[in-house]
Amino acid sequence: MKITNVVNTRVLPIDFEYYKPKTVNEAIQLLTQIPDSVILAGGLDLLIWIKMGQLKPRALIDIKEIKELNQVSVINDKIEIGAAVRIIDLEKSEIIRKKIPLLWEVAKEFSSIQVRTMTTIGGNISSASPASDIATALLSLDTELEIMGPNGIRKVRFGDFYLGFRKTVLAKGEILTKIIIKEKSENEGFGYKRVARIYDDIAKVIVATRIKLDSKGYAEKVAVSLGSVAPKVVRSPSVENYLLNKKLNEELIMEASYKVVDDISPIDDIRSTAEYRRKVSPVLVKRALIEALKGVYLA
Amino acid sequence: MSYKIKFKLNGKEIETAVEGNTLLLDFLREQLHVTGVKYACGIGECGACTVLIDGKPALSCLTLAVEVDGKEVKTVEGVDNIFSQKLVDEAGVQCGYCTPGFVMLFEYLPKYSPNLNMSEEDLKKYFSGNVCRCTGYVNIIKAAKLSLEELKNKSKPND
Numbered sequence: 250m251k252i253t254n255v256v257n258t259r260v261l262p263i264d265f266e267y268y269k270p271k272t273v274n275e276a277i278q279l280l281t282q283i284p285d286s287v288i289l290a291g292g293l294d295l296l297i298w299i300k301m302g303q304l305k306p307r308a309l310i311d312i313k314e315i316k317e318l319n320q321v322s323v324i325n326d327k328i329e330i331g332a333a334v335r336i337i338d339l340e341k342s343e344i345i346r347k348k349i350p351l352l353w354e355v356a357k358e359f360s361s362i363q364v365r366t367m368t369t370i371g372g373n374i375s376s377a378s379p380a381s382d383i384a385t386a387l388l389s390l391d392t393e394l395e396i397m398g399p400n401g402i403r404k405v406r407f408g409d410f411y412l413g414f415r416k417t418v419l420a421k422g423e424i425l426t427k428i429i430i431k432e433k434s435e436n437e438g439f440g441y442k443r444v445a446r447i448y449d450d451i452a453k454v455i456v457a458t459r460i461k462l463d464s465k466g467y468a469e470k471v472a473v474s475l476g477s478v479a480p481k482v483v484r485s486p487s488v489e490n491y492l493l494n495k496k497l498n499e500e501l502i503m504e505a506s507y508k509v510v511d512d513i514s515p516i517d518d519i520r521s522t523a524e525y526r527r528k529v530s531p532v533l534v535k536r537a538l539i540e541a542l543k544g545v546y547l548a
Numbered sequence: 016m017s018y019k020i021k022f023k024l025n026g027k028e029i030e031t032a033v034e035g036n037t038l039l040l041d042f043l044r045e046q047l048h049v050t051g052v053k054y055a056c057g058i059g060e061c062g063a064c065t066v067l068i069d070g071k072p073a074l075s076c077l078t079l080a081v082e083v084d085g086k087e088v089k090t091v092e093g094v095d096n097i098f099s100q101k102l103v104d105e106a107g108v109q110c111g112y113c114t115p116g117f118v119m120l121f122e123y124l125p126k127y128s129p130n131l132n133m134s135e136e137d138l139k140k141y142f143s144g145n146v147c148r149c150t151g152y153v154n155i156i157k158a159a160k161l162s163l164e165e166l167k168n169k170s171k172p173n174d
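Just so you know, the protein sequences line up as chains R and G, in that order. Here the first sequence stands for residues 250 to 548, numbered as in our numbering. Here the second sequence stands for residues 16 to 174, numbered as in our numbering.
Treat the hints with care, as some may be off.
Which chain R residues stay away from chain G? Per the calculated CB distances, all over 12 Å, these [to be verified]: (1) T258; (2) N274; (3) L296; (4) A308; (5) S342; (6) R365; (7) K416; (8) K465; (9) A472.
If you want the footprint, here are the derived chain G segments under chain R, 3+ residues with CB under 8 Å [claimed, not checked]: (10) 27-37; (11) 106-112; (12) 120-134; (13) 154-166.
Simulated from the structure, these hints should not be mistaken for lab results. Every residue gets a Cβ at the ideal spot worked out from N, C-alpha and C, and that includes glycine.
Pulled out of the complex, with its shape left as it was, chain G reads as follows (with noise of 0.2 Å):
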């Protein structure tokens, strides 16, 4: 069956309809051609199909397109955090193809803790959901890591 949906894509308004059994990974791969966003495990263990719905981190292999219906949909493409670049910058990147996620989530984490205070335990632990095969984790850590330091450093007001 089929749905009329209205809502954002990185900003833009976008109103189509979909089948009520297409996952939102299918949709924005297929129909909208936005192919930052990933298929990989397809049952929510890997995290390389994250995307933000309403600025909250969410698998789109697990989520109906139908279902963000009046909100606002990010991927990778609509997104330009200083994580992406550390990443290039430590060699947190080697076949790419999980990055798109991490930086997914990353974007997630002024929110989540709000105060940037994280140690490198909790950043393990908070991409726990994000599945690497190349990288051995070590540089994507360490780009995080950097990142927040950077972010903790524009947000100290000047005297």
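Isolated chain R, as found in the complex (with noise of 0.2 Å):
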């Protein structure tokens, strides 16, 4: 099927190669023999953009079914997932409600059943949108990616991977193959707050948080990430050091979510407002907050 010079979501404008690995190795090296190759895993960013037009690859590279990307394993406190698992799969596993509960809420809160059942965990991390929820979450957690390219293997912090707007540290040839996330310790609890114009739309702000308390009720660890309020998901330190070593409690909260607008750098387009943003987003901060520290106590 041809049709050139028409910017529609009917079909797929252009022709392009397939090819479906059954090996990450392999896939590695189709992705560096053939310029201009992509990486399709659930297709709903890159075949949208196909279809727009802003994007001509010529061959597609479809990793979803590889065996090693689509396990979840746990080693020692850790839990790996590859990168195909499908964020369905996420939501149904006992492992991850346990081990990992921030994520299975976003997992289970996470757009429509066919996008979940469609959605890669790795997919959805690596195209880079700042309005991310699962990467809003990971970067909250002590999260590590495992990346394999022609030059063997290497990891890289989560907090490390976004270089701005869709862009990440992946190199040509390169597959995100692994997201490895420690497990939830005691005295820890998390919260997960987001604001959309619908329940399964994409977000216009969204906030993750994670609070760890030391035995004598002190915070010993805050983590406050934002999606949809700058080019990439972002911490905000200044609310992190604000309640850092600090008895907790809902005034001090109250206090420290404001200082959140020191870390954010919203823009106005097509779902919000840099102004509501800016507004909504002390807000959500203090909300998460709470709920995680109502959460390390129910623990």
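The two chains are supplied separately, each in an independent frame; assemble them into the complex guided by the hints.
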């Protein structure tokens, strides 16, 4: 089928080759050898970009059925999630529910059923949207990524993965293979809040939080991350440092939450305005931190 | 570029060739004349093109035809579930364009929630990826609720 010079969502306007390698190494070889080849996973971003004429790849390398990318395993206190694991599988996983409750919460609320069955966790985070709920959550957790490429395996801290809007550290020929997350420890609680026009819409603002208290009840670790308020998902050191090593209560959290505006740089776009985002971010930070604090005491 | 594929469509084995850039939606409608699957938004927002691939719901407007090689595809033509009748009984259908998508997603419900315990709120969330512009959803959700009740009664062992 060939329709050219028409931007629409009906057809894929360009022809391309399609490959379905069986192993990661085979996929890396194809990616390295074929110029303008791209990785196809869930396809929810990629195929829309091709439809809209924003991307004109020569070949699609379909990695979503590679076995080694479809496993969830527990190794000591870490959970390794294959990059091609679907969001719905995270939602249905007892391991994720018990050991990474924040990620489970996000997976469960993620878009629609159809999108959850198609979207892969690796695809969602490597498409590097600042409005990714999954990425916002991973940024608050102790997350590390395993990347395989022509030069072997390397590991990257999740906080170092994004270079900017739609930009990651992934080089040509490299594939994100594993998302490695430390399991929840004792005295740890989490919060997750978002505002969107309707339930399964992409969010105007996303906040994920994590609080860990020491044995005396002081905040040993505070993580606050936000989505949709900067070119990439961001942490809020101003809020975190304000609360660190203190005994937390609602008043203190309220004071701290206003500091979030120092760490975000929202814009006006199709979904919201910079002004609204600046006003609603502190509110969501406050609510998500209170949720996390309550979570510690409930655990 | 053309690719040979072999797959099952509604239980029937099909072997044919497809272009790499042909979407599953177009392949089903144009090449196989299975027109129950509908095109609406083309970007994964509306659910009208929902089919089941190996039992799991997928958006055929964002799936390549070549991807279903070796798999089993189900469309509304191959489905006979209680929800279809309930949609008719409860006036959950007006123009009918979105209906196949809703029916296909319901087909997956017993797998998604095996105990079939879903509140009205759960059902609204469950169908949040299917857009209907006529009915206002009230009768669709009602039909889904009644279907669930009937499914539950059927699965109860007779004493």
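Comparing the hints with the structure gives:
| no. | hint | verdict |
| --- | --- | --- |
| 1 | T258 | 3 Å, violated |
| 2 | N274 | 22 Å, holds |
| 3 | L296 | 5 Å, violated |
| 4 | A308 | 9 Å, violated |
| 5 | S342 | 14 Å, holds |
| 6 | R365 | 9 Å, violated |
| 7 | K416 | 23 Å, holds |
| 8 | K465 | 41 Å, holds |
| 9 | A472 | 28 Å, holds |
| 10 | 27-37 | holds (count 4) |
| 11 | 106-112 | violated (count 0) |
| 12 | 120-134 | holds (count 3) |
| 13 | 154-166 | violated (count 0) |
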